[in-house]
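Student: Listed below are the residues making up each chain.
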Amino acid sequence: MAAHAHTVKRYPGFWGWLWDWLTTVDHKKIGILYLVAGGFFFVIGGIEALFIRLQLIRPLNDFVSEDTFNEIITMHGTTMIFLAAMPIIFALMNAVVPLQIGARDVAFPFVNALGFWTFFFGGLLLNIAWLTGEVPDAGWTAYPPLSTTAYSSHHGVDYFVLGLQISGIGSLLGGINFMATIINLRAPGMTFMRMPMFTWASFITSALIVFAFPALTVGLVAMMFDRIFAANFFDVNAGGNIVLWEHIFWLFGHPEVYILILPAFGIISEVISTFSRKRLFGYSTMVFATILIAFLGFMVWAHHMFTTGLGPVANAIFSIATMAIAVPTGIKVFNWLLTMWGGSIRFTAANLFAIGFIPTFVMGGVTGVMLASAPADFQYHDSYFVVAHFHYTIVGGLVTGLFAGIHYWWPKMFGRMLHEGLGKLTFWTYMIGFHLTFFVQHFLGLLGMPRRVATYLPNQGFDTMNLVSTIGAILMAFGILVFIINVVVTSLKPRHATNDPWEDGRTLEWAIPSPAPEYNFKQIPLIRGLDAWWKEKMEGNKEMKPAEPVGPIHMPSPSILPFIMSVGLFISGFGFMYNLVVAGIGLAITLMCMMLRSVFDDHGYHIEPEEQKKKGEVPA
Amino acid sequence: MSAHEHAGALPPEPEKATLEGRNKILGFWLFLGAETVLFGTLFSAYLAFRNSTLDGPKPEELFQLPMTFIMTVALLVSSLTSVFAVQAMHRHKTGPMLGWMAVTIALGAVFLGLEIYEFNEYAHEGHRFTTSAFSSAFYSLVGFHGGHVAFGILWIGLLILQILRKGLTVVTAPKVYVSAIYWHFIDVVWVFIFTVVYLMGKV
Amino acid sequence: MNRWHAGKKFALALLFGLIPLLAACGRADLSVLNPQGPVAARQFDVLMVSVGIMTLVVVVVFVLMVYVLVRFRRRKGDNSIPKQVEGNHKLEIIWTVIPIILLIILAVPTVGAVSKFAEDYWEDPNAVQVRVTAYQYWWEFEYPQYGITTAQELVVPVGKKIAFELVAGDVKHSFWIPAIGGKMDNNPGLTNRKYLEFPTPGVYRGKCAELCGPSHAYMDFKAKAVDSASFDRWVAAMQGPAVLPEDENIREAFVSKCLTCHAVGDQGSPIGPNLTGIGSRVTVAGILFNDTPEQEYVVDPAKVEENIKTWLADTQDVKPGNMMPSAGDLQLTQEQIDGIAKYLANYRLDYE
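In the order they appear, the protein sequences are chains A, B and C.
Using my numbering, you'd call the opening residue of the first sequence number 456 and step up by one each time.
Using my numbering, you'd call the opening residue of the second sequence number 3 and step up by one each time.
Using my numbering, you'd call the opening residue of the third sequence number 3 and step up by one each time.
Think of the hints as simulated: they come from the structure by calculation, not from any bench.
Heads up, a few of these hints could be off.
Quick list of in silico lysine-lysine cross-link-like pairs, DSBU-like style, CA-CA up to 30 Å [claimed, not checked]:
1) K204/B x K464/A
2) K311/C x K948/A
3) K1000/A x K85/C
4) K259/C x K311/C
5) K95/B x K168/B
6) K162/C x K259/C
7) K990/A x K92/C
8) K85/C x K879/A
9) K259/C x K997/A
10) K78/C x K990/A
11) K177/B x K464/A
12) K879/A x K78/C
13) K177/B x K95/B
14) K997/A x K85/C
15) K464/A x K95/B
16) K990/A x K85/C
17) K18/B x K177/B
Partial chain C-side listing against chain A, Cβ under 7 Å, derived [as the list claims (entries may be wrong)]:
18) V61
19) V63
20) V65
21) L66
22) M67
23) S176
Backbone N, C-alpha and C fix where the C-beta goes; we use that ideal spot for every residue, glycine too.
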């Protein structure tokens, strides 16, 4: 096995603490990094949202200029999807999946860290655009020709293209990592059909990431080539085709929305099940339905292009295919309800979010079916109806689900429970604010209000609803503020959480201390069924049965290379925009680090049994 | 550690003997899945622009099948030699393994050299990256592939040096195996390029 | 306490549902929910089918959920472990098959309408052809059958099929008249065809529905449906020779400064919006209204004149990013501005 394990250098003080976080390859720490960075970008995206709603509070408002408005909507969408939602999903996947499958870390800890830092520096590159005054303004969908240099000559769209390419590398690496982890690192006895639903959802989501992101990469590269190297992919005068961009973008873009929602489905399954004290109803159906949703998700991309002019045959086929996805989704909703049926439901803050998810997401889903009908979509497309739909599914669905997961797994990540009262206040203000903001937008669209409009004329019937929508947004912001206060207040409390603080934990992560020790499991557990921890508890056991003896635990070494590699890419991003020599230098830094990583093998280090006892394996 | 025979201590399939090795192989196959979608998208773009040559030379006028055929043979044979390298690895014969790896990247360099010559010719004939949508798509697809070949040559070259230093172990074996899978992949992509771009371009 | 959770949510949803529902129908010249033509009406029908099905689904889910939350909430002191249920095969089949049936119910009118809306009337001798070219930030309407071109205000006859060819002159735009029918994109380099019908005379509001730059929100246009005889008179008037300003100075300024980009009658250039009969149009620049609150869509020449002056004074202020220089850039004197505005405001077409 590993020939030359060595001890890890740990440095004292603030710089030691910083070095620890910059070099960590521990999935638990990386999860926290994703949560903090994702949270930071979520706040930025949220401020952008507030500015949008403030501008639209009344007709012909001049809170921001039209140019700035287009920049704000572009950055809001891009930041929220790529830099807030996805990272927080990765945060929970990192924090939870290895624990749920009884593993000590992910398959590629170094790559895991690399995935985080590339995401972070890609996001940083994109948001630095605000500081330069050259901000992308062609929408998060960046359709050409508006996004080409002919109509967007400043560097805004370049920041978009380069920032997302770098961030996208991180996502792809994360997807590969979790697929390999779930395939290869499950504890003995954990067959695929004994995995928790969140792990299943993570697995399928990772597969979606692996197959969807490369399409985005090609699109972004083609646009970069057009903008920076005078290529002609999207230059109509040189034989290019703007509809090609739409195809490539949505080939990625549609699976992306399933990447966003499937983890939330996984969270809901876990939280509802735990707080009903019942196993998930129809587990195998749920697994199958999730796989079907992912598979179908690759077949429906052109429903974003019904008005582009693809013709009736294409429109009809994509309509039917899109409607089909409602079936497995509906199956999941009923299985959640039947999980609660006959159960003993406890209304914790986490469970409130999970329960709130169900009707909200169903509303988003049904407007999705409405949009699926191409002839009707001729009216809905590019109007506020669509804006309402996707916010219902992404914010009312995904973000609500993330709040459920964050409240649920906070003790496992941080050793403390978030304050329940504040959590419930967050839930009510955020949820009511959400519905106030977005429900009226369905009607705005149907009354004839297009989307991405910096303002609107008076006397069209839009005024009152826009006002209501803005008030709702302010209420949502208040809810988020309450959550932030909750986080701060909680962090000041001592770490008192037990290993199974909700008392009804069903899955493996609740069998170990909160927060989890560095090595996760002192002994890899033996899995004897679905809901492995619950099974042991019901048989009167206080611990999992071990699948191996106590012994030295081999851990991967921390490394600064992921950080440096990401800095190299970051530098090259600027280089591509301003100076190609700098681009070369940035890429050279990254390649050098790859070479170093290849040449200097990491043999890791060991945590000896004596150290394990000291780190405190507290029985349940 | 010497570079020569490391008899006895190595298991039959050294690349799969450790969990790390098996993880690397699985992870790499998944990465190739992503690369398949990447090249697939590039192919789609190319097919969309096959006829958008504007004033530039058309595919029938440009492509020189004899030279492209030689490039194809070089790459196909290099795939074969990389198979031999892995077979040598399984027999724990480090010397022959390194030899076959060297032949592999030599053939890869031949391929790349000819491709650079080819692009140079095209540039003189008025077929440049910026000429038309067709040319942008052509150079992006074929150029990305060439970039992959170049990276592969550097990677396998680096591995040869590493193994000369560290020898064939359960740590270095997975690297060889994975690089061989990579090399086969770019060979398969080339077969598609040869067919879709060059052969179909001449029709 | 927990009954309130469920009850509160339900009541809130109902409340928020009712308020906008009361205002639902919307303006007859703008709303999807108030269709004024057969295309919009058919789309409204599909919408209603889908709303009906989806309301059913939502109600079923909501009722089930409220029941479950109320009935199975944990009572104080109850620490029992409920019976663990693996699943129910029959139920899975039921809630798979029923949604499939519901979707088929929606799929049938969907496919029917898709083929209907794709009908191509461009070569139909009874249809009126309009070629729509969208620019940043105005709309050009060319009528190849009559050899005329207008801008910003689409005039069509009632009761005929209007066959459109949609294309863009710069970036992507999208042509949408919500009260009359769904939209279709104007793509550069590709032509789309669609048709609409206008059974009722009136003015309908058109919107650009694809982000096209800073003035995307200001790219409104109007569609004016008139009876056949009026339409014929309009065509004849449009085909007439240019009417230029009477005053020599104004005429000279207009021809040298304006007709380099604009056209009136048979004179000028096709680069910018055609100004023939601009005095009859409901708006200047698509968003400055020429009517008065008392009489909607009745053009007041004084307002036309005022709006043209507003536009000329600072075009970037009205529509940031648009291509037209302001009066200052064109070095027009105040006298010239006033003269041109008056001339254009009085350049009316008598056809109604």
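Student: None of the hints should be skipped; say for each whether it holds.
Tutor: Hint-by-hint comparison with the structure:
Under the criterion of a C-alpha separation no larger than 30 Å, the hint pairing K204/B with K464/A is inconsistent with the structure, at around 62 Å. Simply put, K311/C and K948/A have alpha-carbon atoms about 67 Å apart, too far for the 30 Å limit, and the pair is violated. A distance of roughly 25 Å separates the Cα atoms of K1000/A and K85/C; the hinted pair therefore holds under the 30 Å criterion. Of the pairs offered as hints, the one joining K259/C and K311/C holds, with about 15 Å between alpha carbons and a cut-off of 30 Å not exceeded.
Annotation: proposed proximity of K95/B to K168/B holds, straight-line Cα distance about 14 Å (limit 30 Å). A threshold of 30 Å between alpha carbons decides the hint, and for K162/C with K259/C the separation of about 39 Å lies outside it, so the pair is violated. A hinted pair counts as satisfied when its Cα atoms are at most 30 Å apart, and K990/A with K92/C qualifies at roughly 26 Å. Our distance criterion of 30 Å between C-alpha atoms is met by K85/C and K879/A, whose separation comes to about 28 Å.
For the hint linking K259/C to K997/A, the alpha-carbon distance of about 90 Å lies beyond 30 Å, and the restraint is violated. In summary, the hint linking K78/C to K990/A is supported, as the alpha carbons are separated by about 25 Å, within the 30 Å threshold. Of the pairs offered as hints, the one joining K177/B and K464/A holds, with about 28 Å between alpha carbons and a cut-off of 30 Å not exceeded. With a C-alpha separation of about 19 Å, the suggested pair K879/A and K78/C falls inside the 30 Å cut-off, and the hint holds.
A hinted pair counts as satisfied when its Cα atoms are at most 30 Å apart, and K177/B with K95/B qualifies at roughly 16 Å. Our distance criterion of 30 Å between C-alpha atoms is met by K997/A and K85/C, whose separation comes to about 22 Å. For the suggested pair K464/A and K95/B, the alpha carbons sit about 38 Å apart, so the restraint of at most 30 Å is broken. The straight-line distance between the Cα atoms of K990/A and K85/C is roughly 14 Å, inside the 30 Å bound, and the hint therefore holds.
A C-alpha spacing of about 11 Å is found between K18/B and K177/B, which places the hinted pair at or below 30 Å, so the restraint holds. For V61/C, the interface hint is violated, since its Cβ never comes within 7 Å of a Cβ in chain A; the closest pair sits about 10 Å apart. Satisfaction of the interface hint for V63/C is found here, the shortest Cβ-Cβ separation to chain A being roughly 5 Å, below the 7 Å cut-off. The interface hint given for V65/C is violated, since its Cβ lies 10 Å from the closest Cβ of chain A, which is over the 7 Å cut-off.
Among the interface hints, the one on L66/C holds; its C-beta lies about 5 Å from the nearest C-beta in chain A, closer than the 7 Å criterion. At its closest, the beta carbon of M67/C sits 6 Å from a beta carbon of chain A; the interface hint therefore holds under the 7 Å criterion. Restraint check, S176/C versus chain A: the minimum CB separation of about 6 Å is within 7 Å; hint holds.
Checked against the numbered hints listed earlier, the structure breaks hints 1, 2, 6, 9, 15, 18, 20; every other hint is satisfied.
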